[in-house]
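All chains, please: the whole structure from these sequences, using the hints.
2 protein chains.
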Amino acid sequence: MNENTGILTINVAAVAANWRAIAAHAHPSITSAVIKADAYGLGAAQIGPELYRSGCRHFFFATLTEAVSVRPLLGDDAHCYLLGGVPVGGEADAVRHRLVPVLSSLSAVERWLRWRVESGLSATAAPAALKFDTGMTRLGLAAGELEQLLADEARWLALSPVLLMSHLAVADDTYNPQNKRQRDAFFALGGRAKQLQPGLLLSLANSCGIYLGRDYHADLVRPGAALYGFNPSPESASPVSGVVRLTLPVIALRTLTESASVGYGAEYGGRKGQVLAVVAGGYADGLHRVLGPDGYGLCRGVKVPVVGRVSMDSAVFDVTAALAGGSAWVDGERLTIEVINPDVLTLDVLTARNQALGYEVLTSLRAGRYRRIYQAEAV
Amino acid sequence: MNENTGILTINVAAVAANWRAIAAHAHPSITSAVIKADAYGLGAAQIGPELYRSGCRHFFFATLTEAVSVRPLLGDDAHCYLLGGVPVGGEADAVRHRLVPVLSSLSAVERWLRWRVESGLSATAAPAALKFDTGMTRLGLAAGELEQLLADEARWLALSPVLLMSHLAVADDTYNPQNKRQRDAFFALGGRAKQLQPGLLLSLANSCGIYLGRDYHADLVRPGAALYGFNPSPESASPVSGVVRLTLPVIALRTLTESASVGYGAEYGGRKGQVLAVVAGGYADGLHRVLGPDGYGLCRGVKVPVVGRVSMDSAVFDVTAALAGGSAWVDGERLTIEVINPDVLTLDVLTARNQALGYEVLTSLRAGRYRRIYQAEAV
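Chains as they are written, first to last, in the UniProt record's numbering: chain D, 1 to 379; chain W, 1 to 379.
These are computed hints drawn from the structure, not numbers from a lab. Glycine residues also receive a C-beta, built at the ideal position from the N, C-alpha and C atoms. Where hints are given, some of them may not hold.
The list that follows gives simulated cross-link-like pairs (lysine-lysine, DSSO-like), each with its CA atoms no further than 27 Å apart [stated by the list, open to error]: (1) W:Lys-194 to W:Lys-180; (2) W:Lys-272 to W:Lys-303; (3) D:Lys-272 to D:Lys-303; (4) D:Lys-180 to W:Lys-272; (5) D:Lys-180 to D:Lys-194; (6) D:Lys-272 to W:Lys-180.
Computed footprint of chain W on chain D, listed as stretches where at least three residues anywhere in the stretch have a Cβ under 8 Å from a Cβ of chain W [to be verified]: (7) 197-207; (8) 304-314.
Take a look at the structure:
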């Protein structure tokens, strides 16, 4: 069926190449992959297995539900963690699906241990991870709580977490002293935990944290955003490549025969002679943030500004410059406009342009009415 | 399986009640329903059939793909329009699925007529609608183009559109003189079209347009937003009711033992003694715009402010006031926070709060990792 919807191309091979680049950088630490939120909206079912084939053996999910559907696509030797923990009554489901909950409070630890005793399961049969809050104040045991747990050696060994992790709050702000404070707090108690339990894995660094330096790597690093093409080292050239291309079909072209306001609210004043292209794709497809204020796309390689407010199903671009001197175009020809491009109009560019988190751009594309194409070969 | 995801409750009966209220107001004009973009993200497959049972017989979609999947769920006598038209090569698909494309340019009209002749189909066998641009400057024939089409009576009758429509650009701005200008332009040429073709339906008003007055109703009105609970008459009490409730589970509770920054960027300063609740649900679930700046939720009926930046999978609320004097709460109890509520925390409230189009809120929830509950009975 011929469709008038956009095409979202996801270069899975480039995601894998990004993972390998990060893994080489972080070596000898273990490099995991954060594929929560459907791999930031790009498709955990496609990206997870490709990363597994590349050698990745540790995967992070947010919720039980999203992990359960992807777990069978990964090899038996993959370690899969649930960053959101498990709800009451979800413990058996987590263990049955071989998912490792990240316990984020003392009461969650107590609940888990109680459930394990009631179920007659050992720490090996029902492994858990532990989160230590060093400055995010979101999920995780406070330092005092972790100290309390470490002080009771028998209790700690009963728990024997497979992983002790923390999360940096300002890793994208390279010189923010909070990074060092969090790192020092993490290793202070992390080191004590390793004395009690030498096999414990310590993990602190997210994408940006990995590029703060080797002293942030610990045993296991957890890239997410960088896998999907975001520059994790904002102070220098990106070590990763773009993986997303979003191409929208032009569904109507018109040359203004007189000046006219464009779009809802009549905020944009179109001028006589301007050539306007309407694309299929609007905020219901996640485009509001992609286009943002002063947004533009690429039409035949030329920058074309978005004009007027983005609508639910469409957006309007001024393509005058792109078509100047070109052949006559008519509606329905396969004229297209790119709004994300892995080389020029990258997620980093979009992030800088519209002041929204670039991650939001990705995850909002998930709602879009796009045809998805997964590229499995390097280009 | 016990899940730690939010619950999105959609009151389909309330959507139907809203449609009936609008239909009573617009009587004797025909009231259609705009169910494009998956019924603004709420589920066209659930809402379309309920509106059909309520008596609705005209439905508007944006793309061919979205319409094809819902068309079989509506009765044979339903009229289903494609606001985005059809792509080249999609004509036969549209007709086979009994979908009526809205033609939005002279070249689209030419292409459609040419295809019909080549396919040996009459205007009755392959009906089309026509869009007239009266001031939106997005899709539609300019006045001069429509005049040109009307001047050639034989050509007009060959096309014989079943519907001639236009779209108001500023209908939410009740006193904006552009509304009257668009209305007058629409009826001037619309009237001429009806002289040539008495059975033609004229349609101008979207949700807000309907409440601009009877002289905007024409033959058929096209509510979208109002069906889903947005007030279409911003100057007066809403004639429609809220239909959406979004409830997020609290996955962790903590009382701050000292002051601490909360969330990414360390922008919020938490105070000693504050009780913070982390909910499962973040911007990957469409929550960034729902919460917006100075956002809040409802916890046990008490307003609780969001603190710090919303994360991808979670958000933090200050629930101190909600839990004050209450029983001791522990992690994992079914404490929940409502972020959308059909009565108090409505889409109109959210829209006013975060300055984003409320419609964006709805359509972004579509990406969310929610369990959806459709209420089919009036409450």
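Checked hints:
At roughly 20 Å between alpha-carbon atoms, Lys-194 of chain W and Lys-180 of chain W fall within 27 Å of each other, so this suggested pair holds. Restraint check for Lys-272 of chain W and Lys-303 of chain W: satisfied, since their Cα atoms lie roughly 20 Å apart, inside the 27 Å limit. Between the alpha carbons of Lys-272 of chain D and Lys-303 of chain D the distance comes to roughly 20 Å, so the proposed pair stays at or under 27 Å and holds. For the proposed pair Lys-180 of chain D and Lys-272 of chain W, the alpha carbon gap of about 23 Å is at most 27 Å, so the pair holds.
A hinted pair counts as satisfied when its Cα atoms are at most 27 Å apart, and Lys-180 of chain D with Lys-194 of chain D qualifies at roughly 20 Å. For the given pair, Lys-272 of chain D sits about 23 Å from Lys-180 of chain W by alpha-carbon distance, which is consistent with the 27 Å threshold. Only residues whose C-beta sits within less than 8 Å of a C-beta in chain W count toward coverage, and the region 197-207 of chain D has 0 of them, not enough to reach three; the restraint is violated. Under the rule that three or more residues need a Cβ within less than 8 Å of chain W, the assignment of the region 304-314 of chain D holds, with 5 such residues.
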